[in-house]
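*Asks:* Put chain U on the given structure of chain E with help from the hints.
Sequence lines, in order, name chains E and U.
The numbering of the first sequence is our numbering, which starts it at 1 and goes up by one.
The numbering of the second sequence is our numbering, which starts it at 1001 and goes up by one.
Treat the hints with caution; some may be incorrect.
[What the hints assert, rightly or not] With a straight-line Cα cutoff of 25 Å, these simulated PhoX-like cross-link-like pairs (lysine-lysine) come out:
| # | chain 1 | residue 1 | chain 2 | residue 2 |
| --- | --- | --- | --- | --- |
| 1 | E | Lys206 | U | Lys1183 |
| 2 | E | Lys243 | E | Lys206 |
| 3 | E | Lys286 | E | Lys15 |
| 4 | E | Lys206 | E | Lys140 |
| 5 | E | Lys33 | E | Lys15 |
| 6 | U | Lys1183 | E | Lys176 |
[As the list claims (entries may be wrong)] Sample of chain E residues facing chain U (criterion: CB under 10 Å; computed from the structure):
| # | residue |
| --- | --- |
| 7 | Met66 |
| 8 | Ser89 |
| 9 | Ile90 |
| 10 | Arg92 |
| 11 | Gln99 |
| 12 | Ile100 |
| 13 | Ile101 |
| 14 | Phe102 |
| 15 | Phe106 |
| 16 | Pro111 |
| 17 | Pro122 |
| 18 | His126 |
| 19 | Ala130 |
| 20 | Glu133 |
| 21 | Leu175 |
[As the list claims (entries may be wrong)] Simulated restraints on C-beta separations:
| # | chain 1 | residue 1 | chain 2 | residue 2 | range |
| --- | --- | --- | --- | --- | --- |
| 22 | U | Pro1187 | E | Arg312 | 47 to 57 Å |
| 23 | U | Ile1107 | E | Arg260 | 53 to 63 Å |
| 24 | E | Arg88 | U | Ala1021 | 53 to 63 Å |
| 25 | U | Ile1121 | E | Arg88 | 43 to 53 Å |
| 26 | U | Asp1113 | E | Gln151 | 39 to 49 Å |
| 27 | E | Ala136 | U | Leu1014 | 31 to 41 Å |
In case anyone wonders, no lab produced these hints; they're calculated from the structure.
Note that the coordinates shown come from a computational prediction; the quantities given were computed from them, not determined experimentally.
C-beta atoms are modelled at their ideal positions from N, C-alpha and C, and glycine is treated no differently.
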Amino acid sequence: MPDAAAPLLSVENLKVHFAIRSGVFQRQVGEVKAVDGVSFSIGPGETLGLVGESGCGKSTTGLALMGLVKATDGHIAMQGAEDVTQMRSIPRSYRRRMQIIFQDPFSSLNPRQRVRDIIRAPLDIHGIGATEERRAEVAKLMSLVGLRPDQADNFPHQFSGGQRQRIGIARALALKPDIIVCDEPVSALDVSVQAQILNLLADLQKELGLSYLFISHDLGVVEHVSHRVAVMYLGKIVETGSKEAIFTKPLHPYSELLLRSAPAHDPRQRHKFSAVSDDIPSATRKPAGCAFHTRCPLATDICRQIEPRLERKADGHSVACHHR
Amino acid sequence: MRLSRRFRNISLILGMSIVLAIVICAVFAPYLSAHGIEQMDMRNRFSGPTLTHWLGTDNFGRDLWTRLIYGARVSLTIACISVTASALIGTTVGLAAGYFGGWTDLILMRITDIFLGFPAIVLALAIVAVLGPGIVNVAIAIIVVAWTEYARVVRATTLVLREQNYVQAARALGAHPVRILVKEILPNAIGPIIVLASLGFGTAIISESALSFLGFGLPPPAPTWGWTLAYGTRFMRDEPWLAIIAGATIMVTVLGFNLLGDGLRDVLDPRHLSRSAGKKK
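If we strip away everything but chain U, and leave its shape as in the complex, we get:
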């Protein structure tokens, strides 16, 4: 089977497993924990991992495992919104810039450069400071920086694809540019977009955690990973596992998305595609 051999890629499998595990935790959070996120167990403060509190409790006796799996919901929601929106915006800009060229390209790419010129986190902080906290606002802060990557990659791909004869043939038929972009170019540019999106999840989760860590994310008591980590650092000296586990959760999640992205890149690599396409008949 061509498909199974193609997907026999260690980082793809590992990344997919991690991502899947985290998504399951987020979706089924209420069934995976006997505690509430705000439920305090004052008799078991700083309990450390036990049978009732798998990953221990914080200074109010709140269950860390519960806070982390509910936190996954926040992180994944924000990542989903920001990745989808930035892929849409960036792809549209990249297609237009690459296909039409000339002034359109010049103006769109200079705008992209302006957004790239800002230090990402500072720009994100400024946006949240202006818009105020909230899931959508944090997502916007991430989108504002993240779309540029899609724009650049899609533009480069489009520049190559628009010279292909099948695009010329469509032009010779009098096809509308939108039809050419959607039917001829986009399907052939989708590989890099998928890879970027998958890596983008990791970046978005880091950014969201960083914003929360700095106190610019969702305000407490929302169980964000960034805030859980920041909160845990207060007790670093005596009860270090709080911060360590929160940090490790972020790290493993991002690692999962990065492995998935790298794996997809290998699998969707044009050379890989052409190798299998080369075996005709």
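This is chain E alone, in the form it adopts within the complex:
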């Protein structure tokens, strides 16, 4: 299983800042630090779950990895390849090794294209195989993700949400990537369909040795699929560790809050919410010191002044908190 010694993908100190411009002269009046110094690595065949609430920068991290938004700073490197962040355009060899699955199964497929052409596009773009081989590959990919190859001439709107997500997965697999960024791949689906897609992703991982960066706000889903988990808050990773460590003994108060707010299966175990302020600061005006201090029950003076660093506590378990 996961081999931390030789990461497939390593991300160091990744930053994505967006300028806020305003007025007649489009003067920069501020900055959204959507991703502010994120580091992690993913090993072969490993799933890293990236969790956090809306707007914490988890999706932006995924988009930056794909080169869909420009990284302001940092390093993104695939095993045995150069750092891509400073390149003007991302080489195709890198694109082949990393692909993405989107959240919305409706906007992720071009409504005017047949499924055949959607799944074939990666092969066309990268010039893989002759026409006949591409046709055969599309059929193979469709059966791989559980679609009937004879549906290849249909349009996306003739499929259900779950089927459409399968089409998106087939497209991502066409280039035989090593790693797939799953940007909330099941959040838009019905619960019964979610399980099917998650099982499909797990099967594909076993079969093809894929690695996943699994971005989600749904803790249940993340617990189900991940080997390791990273918790993000306002553009930073505040805790990272094995799935077991994070879910059984979380160290960061924010992770605790997240876990406590996940619904329990048993109504008798209904949570009593402690008096944590749910006033979420925005990424434009991040609090000084520890970004979480405005909501943290443990906050003291040091938290308001000094930003804690991500420090290793136990084996592979790191946390950014002054008090843990």
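*Replies:* Structure of chain U alone, referenced to chain E:
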């Protein structure tokens, strides 16, 4: 049937019928008239509608019906050239401005604004005055103004479409921008372009008629509608039907294209599309 219900739209049907009738007249003009456009029948000057001259004759005894159906050829040819060219230019500019954004967008849209800033007819007159009359030159005069509309509409559509996940997916695959624009964005932007083109035919015919009316179109003896109308106004007091029929022809033709455009807009409306797309399976 989904298709037949979708096309059961009164303005679409009416517009299509008018347009079709005019196109047939233009194409089969020689078979629809026993007279030549320059053929004078001096015994029947100002004849008024008769069995031989369906819409009457002018002061030289030239058959008005014949002049109008041959005039349709001129109008439709110029409209075809100008609509095709302005749709091509405008769509290209709009796609580039909307997709690339930044400086490309800024520069292209400011150029568009400059063309929009001129009063259309004055600009067209100036261009014909410089280039001289002729079918292509009149078409150019119309194109110079007409492309801006396509550019603005296509840019706006592109701005929306480029944020769609399927465009992002294509970018993530490393697709060339031209491929993205042609394969992913253009097919989804084609609806508004078709509507604009159809309305553009009406506008082009008006512009061409206006230029001819003012004497800047094709020079006589070309049987342009604008000139026929202008010529007819000389006899407005005693023989008003000449001008009235010529004017009505222009009006009905433009109305036809506008109805067609409105009908297409209804039929191709994204909400309409999504309503039928919403019924899955």
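*Asks:* Hint by hint, say whether it matches the structure.
*Replies:* So, going through the hints one by one against the coordinates:
1. Note on Lys206/E and Lys1183/U: the hinted pairing is violated, with a Cα-Cα distance of about 34 Å set against a maximum of 25 Å.
2. Proposed proximity of Lys243/E and Lys206/E is supported: the alpha carbons are some 18 Å apart, at most 25 Å.
3. Note on Lys286/E and Lys15/E: the hinted pairing holds, with a Cα-Cα distance of about 15 Å set against a maximum of 25 Å.
4. Straight-line distance between C-alpha atoms of Lys206/E and Lys140/E comes to about 17 Å, which keeps the hinted pair within the 25 Å bound.
5. This hinted pair checks out: Lys33/E and Lys15/E have alpha carbons roughly 8 Å apart, not beyond 25 Å.
6. Restraint check for Lys1183/U and Lys176/E: the C-alpha separation of about 23 Å stays at or below 25 Å, so the hint holds.
7. Taken as an interface hint, Met66/E checks out: its beta carbon lies about 5 Å from the nearest beta carbon of chain U, inside 10 Å.
8. With a cut of 10 Å, the hint placing Ser89/E at the interface with chain U holds, because the nearest CB-to-CB distance is about 9 Å.
9. Hint on Ile90/E holds. Least Cβ distance to chain U is approximately 7 Å, under the 10 Å limit.
10. Because the beta carbon of Arg92/E sits about 5 Å from the nearest beta carbon in chain U, less than 10 Å, this interface hint is met.
11. Among the interface hints, the one on Gln99/E holds; its C-beta lies about 7 Å from the nearest C-beta in chain U, closer than the 10 Å criterion.
12. Because the closest C-beta pair between Ile100/E and chain U is about 5 Å apart, less than 10 Å, the hint holds.
13. For Ile101/E, the shortest C-beta to C-beta distance to chain U is roughly 9 Å, which falls under 10 Å, so the interface hint holds.
14. The interface hint given for Phe102/E is met, as the beta carbon of that residue sits about 4 Å from the closest beta carbon of chain U, less than 10 Å.
15. Because the smallest distance between the Cβ of Phe106/E and any Cβ of chain U comes to about 9 Å, under 10 Å, the interface hint for this residue holds.
16. Taken as an interface hint, Pro111/E checks out: its beta carbon lies about 7 Å from the nearest beta carbon of chain U, inside 10 Å.
17. Evaluation of the Pro122/E hint against chain U yields a held restraint, the C-beta minimum of about 5 Å falling below 10 Å.
18. Checking His126/E against chain U: minimum C-beta separation of about 7 Å stays under 10 Å; hint holds.
19. Violation of the interface hint for Ala130/E is found here, the shortest Cβ-Cβ separation to chain U being roughly 19 Å, above the 10 Å cut-off.
20. Annotation: interface hint on Glu133/E violated; nearest CB of chain U at approximately 18 Å, more than 10 Å.
21. Proximity of Leu175/E to chain U holds as hinted, the smallest CB-CB distance being about 7 Å (cut-off 10 Å).
22. In this structure, Pro1187/U and Arg312/E meet the distance hint of 47 to 57 Å, their C-beta atoms being roughly 52 Å apart.
23. A hinted range of 53 to 63 Å holds for the C-beta pair Ile1107/U and Arg260/E, which are about 54 Å apart.
24. Between Arg88/E and Ala1021/U the beta carbons are some 57 Å apart, a value that agrees with the proposed interval 53 to 63 Å.
25. Checked against the given bound of 43 to 53 Å, the beta carbons of Ile1121/U and Arg88/E, roughly 47 Å apart, stay inside it.
26. Between Asp1113/U and Gln151/E the C-beta distance comes to about 48 Å, which sits within the given range of 39 to 49 Å.
27. The hinted range of 31 to 41 Å is not satisfied by Ala136/E and Leu1014/U, whose Cβ atoms lie roughly 50 Å apart.
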